[in-house]
Amino acid sequence: MHSGYADRTITKAPNWHGLVALDTLFNNMTTGLFLVAALGELAAPALFAEVARVAYPIALALLLADLVCLVLDLGDPLRFHHMLRVFKPTSPMSFGTWCLTVYALPLTVLGLLSILPTHTLDWLRRPAMILGLLPALGTAVYKGVLFSTTAQPGWKDARWLGGYLVTSALLLGAAQLLLLCGVTEQREAAGALRPTLELLLVLNAVILGLLIRDVRATLARAYESTRLSELALLVVGGGVLAPLYLLAVGRPIGLTVAVLLILLVALLVRRVIVRLPHLLPGGRGPGH
Amino acid sequence: MDVLNRVVEPFHRGAPPEPQPATGFYTDTTVCIGCKACEVACKQWNQLPADGFTWLGDSYDNTGGLSATSWRHVKFIEQFPVDPTPAEAAAGADLIDPGRWLMMSDVCKHCVTAPCQQACPTGALIHTEFDNVYIQPDICNGCAYCVAACPFGVITRSALDGHAHKCTLCYDRQRDGLVPACAKACPTQSIQFGSISELRDRARERVARLHEQGIAGAYLYGDAPSTTYSELHSFYLLSDRPSVYGLPDAPFNPWLRMKGDYVRAAVCGLAAIAALLPMLLAR
Chain A
1 MHSGYADRTI TKAPNWHGLV ALDTLFNNMT TGLFLVAALG ELAAPALFAE VARVAYPIAL
61 ALLLADLVCL VLDLGDPLRF HHMLRVFKPT SPMSFGTWCL TVYALPLTVL GLLSILPTHT
121 LDWLRRPAMI LGLLPALGTA VYKGVLFSTT AQPGWKDARW LGGYLVTSAL LLGAAQLLLL
181 CGVTEQREAA GALRPTLELL LVLNAVILGL LIRDVRATLA RAYESTRLSE LALLVVGGGV
241 LAPLYLLAVG RPIGLTVAVL LILLVALLVR RVIVRLPHLL PGGRGPGH
Chain B
1001 MDVLNRVVEP FHRGAPPEPQ PATGFYTDTT VCIGCKACEV ACKQWNQLPA DGFTWLGDSY
1061 DNTGGLSATS WRHVKFIEQF PVDPTPAEAA AGADLIDPGR WLMMSDVCKH CVTAPCQQAC
1121 PTGALIHTEF DNVYIQPDIC NGCAYCVAAC PFGVITRSAL DGHAHKCTLC YDRQRDGLVP
1181 ACAKACPTQS IQFGSISELR DRARERVARL HEQGIAGAYL YGDAPSTTYS ELHSFYLLSD
1241 RPSVYGLPDA PFNPWLRMKG DYVRAAVCGL AAIAALLPML LAR
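From first to last, the protein sequence lines are chains A and B.
Number 13 in the numbering used here belongs to position 13 of the first sequence; there are no gaps in the numbering.
Number 1143 in the numbering used here belongs to position 143 of the second sequence; there are no gaps in the numbering.
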């Protein structure tokens, strides 16, 4: 007997592709860099204030890149401001939009103060750092929940996606700050950052394991087993083991390579996650 | 001025209309004949462009699915035995299962708790005064979160204007006291429109009658809420598993898991901040 439409993917994938993978990366890079730099400066200003001055303008540039991705990915980019018509806590996208908006204000202040030649307004730095912490964390938290609160194959099962992306944000932040310590020759700050980065790498790998356990059935439908093995090798070897080894050795060029590997693998994981529902048969659906 | 209007206008709010009795569709698939008059009437009334014509090799279904330009989709399911075995043939035609056609006019389910409406960050997706799910075309900015959220695969973002589109349950016709175009055109009353409570009573009577006639597999889909999904204001009378018709067997509202996901993410965030301690304690 004919099973009708039983073998079809019922849901329609939203047609989110490269820009959204980049958006999740930039989101985590800006919030992570800000959080690690601001917490470092608040807790140990003697150690981190110098490198944080370089970090804030970069976090601001990453935020702008993220906003460009978000706007361009809309079906009607000229209506981007419609996002601010309502505040709907039930919608992770609305919650995230408002977190991004609020986070942008103190970050802009810090970014501008960091590039101004004068230090007369430096009294604003501390309140701006403190005010930015919660919205920055909210901005990092919402993104994974946005994906997992959908009906899409893979995403809907990804209970640990929010957890993965937020720990990844802190990992990316620490990695970028370590790179900036190298550029600005802040050796003591770099020395303090290394064990933190190692801890974050391990924590992020554990949560990635939980995430993969959640979505393994959909991964198996979307990818052939050899491709999955290659991806696993790249993620575990290139994104966890190699950086851990390079951090332990501690040579400057090795640290740079470790940071680049962490960034590249972070982009790869996001690309795989964002594409997941689109790779299944019928995932694109009519009208796309 | 035009630019200023574009920026300011979406923030203007009118007074909401007075709530009306909830309306909806009851689709009795057992009397659908697959004529596609509903598809045509919907396209004509809503001025939806043609999708081109492609032989899909899928029975009489050449529409393929609901889309931004097809808000009704008639599904065809041919349930016939492949070939009778020689023994069956020898036993006589009476013993051979003659098979059956299943046909169903699919449409937006107008969920009472609609994931698309919960997802929408702009407030474009609303419940109208008739408790139907409606996309305000001047507000939607094409973020496609509603597309990702819909467990029935109904909403689609248009490649033409970049906005999300779906059945409006002929909101304009309802405002003028008219029956939606598809229900008006349906020649067998497979698609029925009316007050949702009356439709449910009518549908339950029909199921009871079908059971009396020996069609034990007839049942209603979406007339009542389940533990994981609200009732639908466009519900169906089916005679096979929902998945055979391309419907989820047990629809699940993704928002039931949102709080837990936020908690897990926040706890992970705090754990990651705790991992910064070696750096924060260094002086």
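In short, the hints are calculated from the structure, not lab data.
All values derive from a computational prediction rather than experimental measurement.
Treat the hints with caution; some may be incorrect.
Computed spacing ranges between beta-carbons, pair by pair [as the list claims (entries may be wrong)]:
1. A:GLU224 - B:GLY1057: 24 to 32 Å
2. B:PRO1137 - A:ALA232: 54 to 62 Å
3. B:THR1228 - A:THR118: 54 to 62 Å
4. A:ALA220 - B:ARG1241: 34 to 42 Å
5. B:ARG1209 - A:GLY209: 52 to 60 Å
6. B:VAL1008 - A:GLY238: 32 to 40 Å
7. A:GLY238 - B:ALA1250: 37 to 45 Å
8. B:PRO1137 - A:LEU228: 51 to 59 Å
9. B:PRO1137 - A:PRO281: 39 to 47 Å
Example chain A residues on the side facing chain B (calculated, C-beta under 8 Å, incomplete) [said to hold, decoys possible]:
10. ARG53
11. THR150
12. LYS156
13. THR184
14. ARG187
15. LEU193
16. GLY209
Note that beta-carbon positions come from the ideal geometry of N, C-alpha and C, so glycine has one too.
Status of each hint after checking the structure:
no.	hint	in the structure
1	A:GLU224 - B:GLY1057: 24 to 32 Å	holds, 26 Å
2	B:PRO1137 - A:ALA232: 54 to 62 Å	violated, 45 Å
3	B:THR1228 - A:THR118: 54 to 62 Å	holds, 59 Å
4	A:ALA220 - B:ARG1241: 34 to 42 Å	violated, 24 Å
5	B:ARG1209 - A:GLY209: 52 to 60 Å	holds, 55 Å
6	B:VAL1008 - A:GLY238: 32 to 40 Å	violated, 50 Å
7	A:GLY238 - B:ALA1250: 37 to 45 Å	holds, 40 Å
8	B:PRO1137 - A:LEU228: 51 to 59 Å	violated, 42 Å
9	B:PRO1137 - A:PRO281: 39 to 47 Å	violated, 31 Å
10	ARG53	violated, 17 Å
11	THR150	holds, 4 Å
12	LYS156	holds, 6 Å
13	THR184	violated, 16 Å
14	ARG187	violated, 12 Å
15	LEU193	holds, 5 Å
16	GLY209	violated, 13 Å
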